[in-house]
Amino acid sequence: MAGTFYSHWWPEEEPIYEPDMLRSEVSLEQELAGLCVLKAISRPDSGMQPLGDLDSDGRGTNVSALRVALSLAQDPTTTLHLSEPRIIYGCIKLLKTIKSQRGTIFDELGPGWLCFRLLVIALDTCLLERFDKLEETLALPNQRPNIRAAPHILVSAHLAHGIYSRFDDITAGRCDWVFGWSISPYKPLLSASEALDLMNIIWEDRKLFLRVIYSCVATSRPGLSGLMFLFLRSIAHMKLQPNTNMRIPGARFCELVIRYLLVADKHQRVPMILMCDTETEAFISIGTHIPRHVDPEDSRVISTAFIRQLTAGDDPDILRRREPCTMLRLVPLAIDIKAQSLIPDVVGCIIEYGWFALPTIHEQSNKEPWGVIAIIFEALR
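No gaps in the numbering here: position 23 of the sequence shown is 23 in my numbering, and each next residue is one more.
For the record, the hints were derived by calculation from the structure and aren't laboratory data.
Derived CB-CB ranges, DEER-like:
id : residue 1 : residue 2 : range
1  : E25       : P291      : 46 to 56 Å
2  : T77       : E281      : 40 to 50 Å
3  : L28       : P296      : 48 to 58 Å
4  : C216      : R148      : 16 to 26 Å
5  : E297      : P344      : 14 to 24 Å
Idealized CB from N, CA, C, for every residue including glycine.
Between the sequences and the hints, there should be enough to build the whole structure, so can you do that?
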């Protein structure tokens with residue numbers, strides 16, 4: 001992907017971040033402790049136990065140890081330790097164990113959420129290193145001293161921009177080498193089937209997946225472009241296998257992307273729209289009148305996240321772009337009878353989006369935007 005990233009992928013005025021999302025210097029003692037945790041996670045026989053010997057929470061997993069490992073992503077010099085593919089394998093094995101013992105991986109205060117964040121950071125770091133852009137990304141604060149964001153945030157943002165800028169090559173499979181598939185100088189990060197196993201774990205927890213990200217401070221939410229990129233190409237890879245029907249995995253992927261769109265920042269939303277487009281047909285094929293929410297609480301979070309995304313004011317241009325239109329493939333199908341009090345605000349957002357978006361979309365399109373009109377009117381029915 002050399003030459004496809006440009007130097008202005010990071011905004012001149014960055015958001016105000018929470019303390020744990022700011023760049024900081026990791027001490028040698030803390031670095032060594034973090035490396036010990038990463039080594040334990042990366043062991044072939046890793047599971048709960050390697051972290052359970054260190055101040056366990058009583059159910060076999062050490063939350064403090066995972067926090068130490070995550071702290072490595074706040075210092076440019078120690079972030080490099082996270083570019084080891086074995087960390088990805090180890091995190092997935094640990095997530096499976098947590099899922100089997102606790103029933104969910106998306107407990108905001110539990111080890112599953114910390115392990116998921118570590119997995120995402122490790123995956124992003126590995127991908128950006130293989131695209132030969134990691135050193136450039138980590139060196140950016142030296143060129144722009146005003147940057148205070150933690151390195152893993154820069155890595156995620158740079159990767160998201162790269163996915164967007166090379167999306168045609170990505171959908172054609174010309175970037176699959178980065179995963180170690182087909183002709184590649186690298187060992188596989190994961191097989192396509194292993195990646196889809198992970199996607200199914202997240203799908204089973206889709207309600208809590210959305211809720212835990214929604215509950216985060218906006219600037220503390222993980223960037224998932226790299227993870228969704230992996231899932232997207234895994235589905236495409238599996239479609240090449242004989243007698244394989246990928247309609248359901250495609251529909252699940254599309255819904256996970258839309259759920260993430262409801263809470264993602266604008267840098268992550270741009271590539272998400274393109275990814276969602278590739279599997280929209282599979283999503284629609286499941287049925288346009290089948291409820292997509294898990295329960296009333298899930299319905300409320302979906303509607304509230306949609307309202308907040310369109311009205312928060314931090315990205316007013318969202319009303320002139322495609323993101324709300326894509327969200328409307330899910331939101332109207334997730335209105336529970338016990339969440340109907342939110343309907344007036346949802347409808348208000350849809351109408352406002354229509355007034356703002358249609359002229360802009362029409363100007364930027366060579367043909368009438370009937371698809372957008374149809375989605376808006378269907379949502380208002």
